[in-house]
Amino acid sequence: MNVKIKKIFTNVRVIILLVFLVLAVAAINPRPGIEGVVIRNIITNSSAAEAGIQQPPPTAKPVSRERILEIDNRPINSVADYYNYIDTLEPNQSVQIKTNKALYRLTTRQNIEIIELNETVKKTIEELITINETINGTVVEKNKTIKRQIDVPKTKKISKGTEDIGVRVFNAPTTNIRKGLDLQGGTRVLLQPETSLLQQDLSSLIDTIEERLNVYGLSDLVIRDASDLTGNQYILVEIAGATEEEIRTLLAKQGKFEAKIANKTVFVGGKDITFVCRSADCAGIDPNAGCSSSQGQNFCRFRFSISITPEAAQKHADATKDLDVIENNGKYLSEPLELYLDDTKVRELNIGAGLKGSATTDIQISGSGTGFSQQEAVINAMGDMKRLQTILITGSLPVKLNIVKIDAISPLLGEEFLKNAMMVGLITLISVGIVIFVRYRKLQVAIPMVSISISEVIILLGIAALIGWNIDLAAVAGIIIAVGTGIDHQIIIADETLRGRGIIYDWKQRIKNAFFIIMASYFTVFVALIPLVFAGAGLLKGFAITTILGASIGVFISRPVFARVIEILLRE
Amino acid sequence: MEDNKENSQENATEKNEDRESTIENNTSEENKTNPNETKIKLPKIKLNFSGMKKIYEGQYKKLLIIPFMLLLIAILLIGLKAAATGDFINRDVSLKGGVTVTIPTEQKIDILQLEDIISKKFPKNDVSTKSLSQFGTQVGVIIDVDIGEEHREEQIGILIEEIGKVLNLKLTTKDYSVEIVGSSLGASFLREVVTALLIAFLLMAIVVFLYFRTLVPSGAVILAALSDILITLSIVNLLDIKLSTAGIAAFLMLIGYSVDTNILLSTRVLKRKEGTDMERIYGALKTGITMSLTTLIAMTAALIFTQSEIIKQIMIILLIGLLVDLINTWIQNVGILRLYLERKARKSIQ
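In order, the protein sequence lines correspond to chains Z and H.
For the first sequence, my numbering assigns the number 581 to the initial residue and increments by one for each residue that follows.
For the second sequence, my numbering assigns the number 2 to the initial residue and increments by one for each residue that follows.
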């Protein structure tokens, strides 16, 4: 027996398989008991971003991502640990975050909420603006003050605890295997451009989408183009840990932003805008308008300032110079500045009379959010503001995108699925092992067969980890099927070699006979699944590729090993 | 070389014809040729099968009627369904367009009652509910509604709220999964996967033909695969299973599995020289049944334990398909191969 075992482990094919196994395990890089929580996202303009914590690149391997190990010398080992500690932070407290890469110091901010009182006050606001005026052909800078009186509800600022430090985390992954969305939760969107695009336009579209999502603060994402057999173009976006609504509003909108005066376009989002303010001093809930409520509905106004290019400012001057000044609660121009988003008018801003014919580059954009409670209204207003800012910064998409499919998978369900999928794999393997043992009554057949199947799965997962492709439920189904055909092929090998031993063929011939059948079945599975790689926007691509890859590993690496091993074990 | 092979096959056929009259002899001889396997096969079971064996070996032409009748009925049923509903399968929301909401919950929920309540709220839509189950116990609910493009967001909001009311929960986005498929995408998906299936079938036929280079045996393998798909599809329809994209992928896999056993059979019978035809058929049968049995058991286990609807549907279709394949390989294909060999033998005598 010892001689046989020695013979097995000195066999070239067995050694090749073992090398593959070692490489696969290295690629999977299992780290049981890995410490800390992994940074998924850093919210823009948050105190964490200010402290210099880097937004992780989406291509980073799961195990090599930056991990938070300690906060204020307290070990952080789970998402729960993280939030439990973060919740105790006071405003203006200095926090020390230790990651596996660096030590960061940040100061928490105060979360200010504006509470509105049940009375209104008259308020005169003064706006001081610098304008460029053309007098006798030369541009002169002039300061102008406009006075305006408005009714505002009396408001009071109160501190509502600590502002979130702006780090999104998830439990540290113990392997480099990337879990697909249906196993970890997140949102998958399939977008179809309204008109068909050239390849270069498609890639620039993908870049714009990526920028838009990144500006919004989502970075853990996969964007790729996909097509189907009839030549339809799709864009597939997968974002871990994002909600469906965020994605819908960010991507379904083309984001064509136009500002018009008397139907003449003054400036558009993206190229005409040089700066969008996103810091608290010039963006946020409008301190002059605040929040109000009527009939159970709460409204909150937001405002932020933007700067436009001198050319756009000149257009503003041209459009306003011939307008009349009318008296309506203050002096305004006869035509308002109208803001259009995707050809729908979203706001109308009255232009102060003082701005007539001026080439102003600073413009304030405002809007509002509603909600059943004031808190909800604030959240909605701020959300709308953030989305509008994102659209203004990144400009419009070259074409309107239709959302043709959205899958939003709850992280709880994903976790359940993963545990379940692993258990199902184990149960199927055990039951197959039992059947094989009952059939052959030989451990020399059953043990190699089950071990070969396990090694096929490990190599398959290793390759998946190496090329960074996601293991989702369809891929799990592919693995189960690859293992199933693997067992079938090993049964063919076992039967061919055990059959009528010693009579006509030698071992070589028997194994050749077995592989004749195995190759035929391999080729048919291969060609049967190839069309699926290209069909239906690639949604079943994972399934097809996993199955093909699994079958290929089996046929070329592991199943020949099985043939050699049982030859060594059973040959007299 | 070719002549030699033909001769041996011819001999084999003649020998085989002799055998048919002396079945008892045959079995005992088989025992002698395979002494290793006697300890596995229990003699008691063998006795029970001897009557069946007689029919299997002697009446193979009459037995051929079974798979062909099944195929005919299947084609008829699929045709009737297509004529009645305009669709040859039951499409689920992933192929029709609509919304699927999955809610994992510990609560015991009467899904029929839930379906009733939601149907009342969405009278124009097709509503179906399923249990999300593991080990046969309910761990959540899945609700499919074929909500169209119009006012979709609003409708989904109403749906979630309604489900929340039934479950007595305030559902936040973290608590449920929602999958939305546009109806045009659903229809194009169906076209796509059916095209993929046709291409796959064609490529498979080419591979099989290149492998055997003879019309009848390759035709038999291809026919078996076609029968597998059609009969399985009609059974799936009869069971009122709503097919998803994953389900159609399962039909693709079925091609692979079905071809496996058929190629095994044809290779053993046509390309091997040892023993008689019947012996080689039994050899292939033994290997083939072991293969199907391991796969069937693995799939049953997966079917019982999995939560995922994707995996469940793939497994149930493969399970039905493999059972159908047992008939199509070991009755249909065996019958055709034996007829083919007989005719070939007769020709070479003339």
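Calculated from the structure, these hints are not laboratory results.
In this text, a Cβ means the ideal position worked out from N, Cα and C, and glycines have one as well.
Keep in mind that a hint or two might mislead.
Said to hold, decoys possible - Computed, partial: chain H to chain Z, Cβ under 7 Å:
| id | residue |
| --- | --- |
| 1 | Gly183 |
| 2 | Ser184 |
| 3 | Leu186 |
| 4 | Leu271 |
Unchecked claim - For lysine-lysine, the following DSSO-like pairs were computed, each having C-alpha atoms within a straight-line distance of at most 30 Å:
| id | chain 1 | residue 1 | chain 2 | residue 2 |
| --- | --- | --- | --- | --- |
| 5 | H | Lys274 | Z | Lys1088 |
| 6 | H | Lys272 | Z | Lys1022 |
| 7 | H | Lys131 | Z | Lys999 |
| 8 | H | Lys54 | Z | Lys1022 |
| 9 | H | Lys109 | Z | Lys999 |
| 10 | H | Lys272 | Z | Lys1092 |
Each hint, compared with the structure:
1. At its closest, the beta carbon of Gly183/H sits 4 Å from a beta carbon of chain Z; the interface hint therefore holds under the 7 Å criterion.
2. Below 7 Å, beta-carbon pairs count as interface contacts, and Ser184/H has none with chain Z, the closest being about 9 Å; its hint is therefore violated.
3. Interface restraint check for Leu186/H: the shortest CB-CB distance to chain Z comes to about 4 Å, inside 7 Å, so the restraint holds.
4. For Leu271/H, the shortest C-beta to C-beta distance to chain Z is roughly 11 Å, which exceeds 7 Å, and the interface hint is violated.
5. Restraint check for Lys274/H and Lys1088/Z: the C-alpha separation of about 17 Å stays at or below 30 Å, so the hint holds.
6. Taking the CA atoms of Lys272/H and Lys1022/Z, the gap is about 29 Å. The hint holds against a cut of 30 Å.
7. A C-alpha spacing of about 21 Å is found between Lys131/H and Lys999/Z, which places the hinted pair at or below 30 Å, so the restraint holds.
8. Under the criterion of a C-alpha separation no larger than 30 Å, the hint pairing Lys54/H with Lys1022/Z is consistent with the structure, at around 28 Å.
9. Annotation: proposed proximity of Lys109/H to Lys999/Z holds, straight-line Cα distance about 21 Å (limit 30 Å).
10. For the suggested pair Lys272/H and Lys1092/Z, the alpha carbons sit about 12 Å apart, so the restraint of at most 30 Å is met.
Of the numbered hints listed earlier, those contradicted by the structure are 2, 4.
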